[in-house]
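*Asks:* Sequence:
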Amino acid sequence: MDINLKEIGASLAGQFQGLAGRHPGLWPLAPRLLCAAGVMSAVVVLGYFGYWSSQFDDQERLAQQELTLRESYKSKMSQAINLEALQAQRAQVDQYVERLQKQLPSKAEMAALLTDINQAGLGRGLQFELFKPGNVVVRDYYAEQAIDIRVSGSYHDIGAFAADMANLQRIVTLNNMSLTAGKDGVLMLDAVAKTFRYLDPDEAMAQRKARADKAKLAKGAAK
47 MDINLKEIGA SLAGQFQGLA GRHPGLWPLA PRLLCAAGVM SAVVVLGYFG YWSSQFDDQE
107 RLAQQELTLR ESYKSKMSQA INLEALQAQR AQVDQYVERL QKQLPSKAEM AALLTDINQA
167 GLGRGLQFEL FKPGNVVVRD YYAEQAIDIR VSGSYHDIGA FAADMANLQR IVTLNNMSLT
227 AGKDGVLMLD AVAKTFRYLD PDEAMAQRKA RADKAKLAKG AAK
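Counting with this note's numbering, you get residues 47 to 269 for the letters of the sequence shown.
Just so you know, the hints here were simulated from the structure itself, not pulled from any lab data. Among the hints, a few may not be true.
[Stated by the list, open to error] Ranges of calculated distance between the beta carbons of each label pair, as one might list FRET restraints: (1) GLN133 x GLN110: 29 to 35 angstroms; (2) ARG136 x VAL182: 49 to 55 angstroms; (3) PRO179 x SER118: 49 to 55 angstroms; (4) ARG136 x GLN101: 42 to 48 angstroms; (5) MET86 x ALA126: 51 to 57 angstroms; (6) PRO179 x SER124: 35 to 41 angstroms; (7) GLY228 x GLU155: 31 to 37 angstroms.
[What the hints assert, rightly or not] Capping the alpha-carbon separation at 30 angstroms, the derived lysine-lysine pairs in BS3-like fashion look like this: (8) LYS153 x LYS265; (9) LYS240 x LYS178; (10) LYS153 x LYS178; (11) LYS122 x LYS265; (12) LYS240 x LYS229.
The C-beta atom is built at its ideal place from N, Cα and C for all residues, glycine as well.
Sequences and hints are given; from them, build the entire structure.
*Replies:* In structure tokens:
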């Protein structure tokens, strides 16, 4: 069976003639199909850009949110499973911090601590040539007091004094130590003794405000 393409083309072309003024429902089959395909394409394009594209964006956003929630769920589930162990660790940390805080004197106790340092040297038979407390340096969570000291005495007495500093109930460190020999076997120790204390309520409040202001400035600079 031979297909005459010329006759088919002429037949289709004839269907598109004389359409002006006629109701689309009365058009031949080919124009109606072509018109329906055009309308459908227009509806699909308008629907994609006007509605479906935002739906796709929402779907992608919700998919990412689902992944985040799944990870958060896994993390919280792991914490829930290990809750007792985490609580035990926190209790240990709290006890450790409490022990450290007890080693830090308050502002009112600093004078007594300075007296203890002085008495430790005198108790070892050392002669204080210099005992000069410096300015208090306030850190984020504690205050630091430096004391320039110079003591003279025998080697063993100076060594015992250094050991006494390490064994004080409060935290005291000896820094920048320099040992020189004097006359008659007497040694001279120059050092900076540093001790620390916790902040009083006013100082702690001032430090919290300073940290908050610093965070705001950093956040503003990041923008």
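*Asks:* Run every hint past the structure and note whether it holds.
*Replies:* Taking the hints in turn, this is what the structure says about them:
no.	hint	result
1	GLN133 x GLN110: 29 to 35 angstroms	holds, 33 angstroms
2	ARG136 x VAL182: 49 to 55 angstroms	violated, 32 angstroms
3	PRO179 x SER118: 49 to 55 angstroms	holds, 52 angstroms
4	ARG136 x GLN101: 42 to 48 angstroms	holds, 46 angstroms
5	MET86 x ALA126: 51 to 57 angstroms	holds, 53 angstroms
6	PRO179 x SER124: 35 to 41 angstroms	violated, 50 angstroms
7	GLY228 x GLU155: 31 to 37 angstroms	holds, 35 angstroms
8	LYS153 x LYS265	violated, 34 angstroms
9	LYS240 x LYS178	holds, 12 angstroms
10	LYS153 x LYS178	holds, 18 angstroms
11	LYS122 x LYS265	holds, 29 angstroms
12	LYS240 x LYS229	holds, 29 angstroms
Comparing the model with each earlier hint shows violations of hints 2, 6, 8; every other hint is respected.
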